[in-house]
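S.K.: Given next are the chains, with one letter for each unit.
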Amino acid sequence: MKPIYILGISAFYHDSAACLLENDRIVAAAQEERFTRIKHDFSFPINSIKFCLEYGNINVGQLDYIVFYEKPFLKFERLIETHIYYAPKSLTQFIQSMPIWLKERIFIKNIIKKEIEENLNEKLNPKTKILFVPHHLSHAASAFFPSPFEISSILTIDGVGEWATATLGIGEKNKIHFFYELKFPSSLGLLYSSFTYYTGFKVNDGEYKLMGLAPYGNPFSETTKKYIKLIKEKLIVIKGDGSFKLNMNFFTFTTSCKMVNEKKWIELFEIPPRKPESEILQEYADMAYAIQKVLEEILIKMARHLKNLSKQKYLVMAGGVALNCVANSKLLEEKLFEDIWVQPAATDAGGAIGAAYAVYHIFLGKERICSEKDKMEGCFLGPKYSIYEIEKVLKKYPNIYYQKEENFDKLCYKVANLIARKNVIGWFVGRMEFGPRALGARSILADARDAEMQKRINLKIKFREGFRPFAPSVLYEDMKEYFIFDKPSPYMLFTAPICKERRNKLPEDYFSWSIKDKLYFLKSDIPAVTHVDFSARIQTVHKEENYKFWKLIKNFKEVTNCSVVVNTSLNVKDEPIVCTPEDAIKTYLKTEMDYLILENYIVSKRKNE
Amino acid sequence: MELKNLKNLKIIWRTFLFYLLIFQFLFLITHNKIFLFILLSFILIGILFPNFPEYLYQFGFFVGEINTKFILFLIFYFIICPISFIRKFIKRKFVGKEETFWEKIDFKIEKENFEKMG
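Protein chains in written order, with our numbering: chain A, 1 to 609; chain B, 1 to 118.
With the rest of the complex left out, here is chain B (with noise of 0.2 Å):
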């Protein structure tokens, strides 16, 4: 692993334990010491296997591809599907009628459009 990630990855495995640190402080008001059991077994782990952070990264990022595939894919059937068609529904145009294929340019060359992203 290069140096940059390797010093990322050791961030990311110290905010890890430190976040279940202050969930155990929270969960102690009502006695329960499940994070600090968590905690406890996750150094424990990254004691003896010092490879287990990148493991647990790498784990962390295939479950972060699978859920951004799966929220895309629940945006695409019920937010992009239905505004096609809806929009075929309402705008249904048949080819080759035209006389041309030419589109008036609506935009204005101007220098405030230069600083505009779009």
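Bound conformation, chain A alone (with noise of 0.2 Å):
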């Protein structure tokens, strides 16, 4: 029987992806930043969906349906309701947006057709039809379809969609029904990136990055509970069903560029935004905290509601919300639903994975077959690069040495014993991943034990803030014996605590420290990964989903006994993951990461090594 072949495609806001679906099989997906290398690249993705074409073997008229992942009238809607609402304030926002609105991004059928076929050099099936769905139930899509679940509650959450800003949800076997939804501007996302910007990271960025400050904040001092006072009375109405409301006076993205009104958080918080790159006080950590805090018991109450309305045993979640991995945790250890699955590519560009599935079954109707994996082939959905084609762009460098093991298992022994050697290496191998982590395609690999690779990895190779956090990927059946965790997290999307065993005892005055005094605390035995507060954004690694790296930190386990390495995302400070092998060599000599590897090839910069 012919498959049927949808393409998915999300664009113009940030993020833009394009994925592509064989019947219920992600042939390819990815995200344009990649290809254009531009971070958070919300331009049409017409190089995503021309890998994703070329990687799926099939041309554009084979093409059954193109699929946009929002609904282009309802968001124009809702920004003409918003520019009434707020008139006269709202003028210059009228004045930026509605240009782009009416030139471009109402035709926007029109522009899916005119770009793939001018930039693809070749016609549309007329039979192909372009369809659309809403924002959140692409994202609700993306989280229950590809999930193991075969009913679970659905719970989506992000900046805004059309006019959704979160949305509860019940999914079984092919559809999907959703029970409730929160309006804008009341948006959990929107909230977060506010405190992002005030504390001087940029929005729809920044936000992991707030995450990762937050744990800096001291719990327990005046500041920190006074903040959380000041966000819960002055600026958000919380129920108790987790729905809130947000007080439009002290926010400002409504009518402006600018999130916040600067002006009231002044006054109210009684310290300015802070400028960026400044020096982070420790009153933004504080703050940092204090909106985890709000954050995560919204999200609790939310969930709690959600379980109430759907009875189910699992939930599944998406939306840029839904990356907070320190939320997540904090739901799971409420034990409100026995599993959580999480979209791993959360935020817009996972829309288009679940365009193309609501597509595919509800639209088409088509039975949805579950099984224990979930369908997202450990997200490795992008690009690889041939032995040949590595071997051609290595050639056009004479200022790097390299060197072919052909085989793989004793090319992962070597570069087990280089970490070992405190070697920072740029492991590039196989596909890369969709979404925001590196999982172990893109990563930039260390040793976790290292108590000074934490500093060197943010100064030296990735260039930035030094407070910064890394993930320990780890083997999956080792797992018990670094964190207090029992499930799965082949996608980095739940944090987990360091065994008690394994940490330093923690001075009495420990939470007054200032954040550089944490920070260079040695606090375990794998003080690389291990944040301020004994956590970890964990990553287990699978033998059956993610062979070679599991290879590769097995090895590292029988050289060292140690079943974990630091992992984090190849690539510098405000440059996407690197995609092609040329991009990797790039960031690899602009940086004093020691080896990369190249499939087969150990790359150095020095010769004989």
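In case anyone wonders, no lab produced these hints; they're calculated from the structure.
This structure is a prediction, so every number in the text was calculated from the model and none was measured.
Cβ atoms here follow ideal geometry from the backbone N, Cα and C, with glycine treated the same way.
Simulated restraints on C-beta separations: (1) A:258 to B:66: 24 to 32 Å; (2) B:51 to A:257: 31 to 39 Å; (3) B:9 to A:129: 35 to 43 Å; (4) A:276 to B:40: 54 to 62 Å.
If you follow the hints, you should be able to join the two separate chains into one complex; please do so.
M.R.: Take a look at the structure:
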């Protein structure tokens, strides 16, 4: 029987992406930023589409459906309504946004057709239908359909889609039903982004930095308590069922490019907004801690309400807020649900997958077959490069030296030894990951036991803020030796505490220490991946799903008796994760990384190494 | 300038001259030769300064931007603002009185909905 090909597209807000489904199998998916090298690129994902079609070995004419991840008219309606509601304050926003919408975005059907036909030099099949799926249905579908659960509750939370900012629903077989939604401007994502902005990080980019900063806050200080109180009393009204409303007197994201009314925030919190790249004072860490706590409280209340509505054992989540792995873990600890599955590309990029699945299961009514494994293929859905392609690129760089190791097991053993000798390794193996996390295909790897490693990678390799933590990749079978956690976490979407016996005793006044002192205190026997609160954003590595990476860590264990390595994305600050061997070499050359592994090649900056 | 834009520019330039020619034909009825004069001047300037069409294009683009903003400004103050004030007057709402802020989802996920953009 002829397979059905569905191309899912997300674009024009942030993290444009494309995904190709062949029936219910994800053939390929990629974010546009990886090809254009513009972080969070929101342009039409023509490069991603091109890659998906090439990888699927099909041409444009073979596509049965093209689906866009939101309803442009509904979004336009929301914009107009917002301008009307906030007039005359919304004048600037109105003048800025309307030309783009009137010239381009409401003609999205034509844009899709034109971009594909012009750039790929092929005509769309007249039978190919262009469809549109509501934004939060795309998120819900991206969470439920690839998940391993036959029936489950669905929670989606993000900044904003068309109108919805959060939805509660249920997925059963090939159907999704929504119960309730929260509407713009009441948005948990935008509340968190407001604090991201105020603490000096970029909106839609620095949210995970804010999450990483939160544990540096002092939970017992008067300032932190005051911040939590102020947020809950002045900025937001939270109901018992997790619904909430923002006090829009304090926010300006509806009327200007700034997220908050700075004057009012300064009066409220008694500190000015932090200037980007300036020193991080304790007050900002306390503020990060406070908003993280409020977010967790809302998330748990929402989940409890959803549990009462759906009565289901399982929960699936998507939307940008679902990437808050600290909150996800708190939710898991509450034991409201037996298990939680989070879409690894939970932001708008994952919307491309969700939209495509919604067409297959809901629009076409095709049966959904569940198995124990999810359908994300370990998130390795991007391009991969052959030995010949890599060799060709290597020859272009006379200032690097390389050797080929035909036997991959031997290569793993060599690399494990290099890591054990405190070298930092760029690891470029197999298909690129889809979503924001490097999971062992485009990663920087290092020894987690090295106390200096966090500082070294942050400052000399990634050129980023020193406080940022690193994630551990651990062999799944050895996980319990290191972390208090009992479920697979292959996508780094949960945090887990380090086992108590591995921790060093904290001094009594630890919580009142400065950010730097906390950072440099030796917290455990795997200090490079232990955050200041003893938590770690854990990735469990499974032999069946991620064999080559598993083999490397296994070899590392044989050499060092340690099953944990530092795993961070192969990129530098403000750049997307590398995609091609050329990107990897360029990144390698501009950093102090010691070696780069390109499939079977070991690349070095020095001869005879 | 990119090749694609350059081609567009040439088309725009020729269209512009063509329209001047048409206008001139229309005005010939009234024996007015003003457009012929403008047409010849532009052709001459175009020959003497090959970059002129590009500058003219950019000027046109600039004027277009200003026009767009001006029109939007008028729309905002003559349509958006009055609607806003009327609505605010009719719908005065007090925050915090509701028991919940969740709203029932009023759309059904149906096959026909997929084909609509809104």
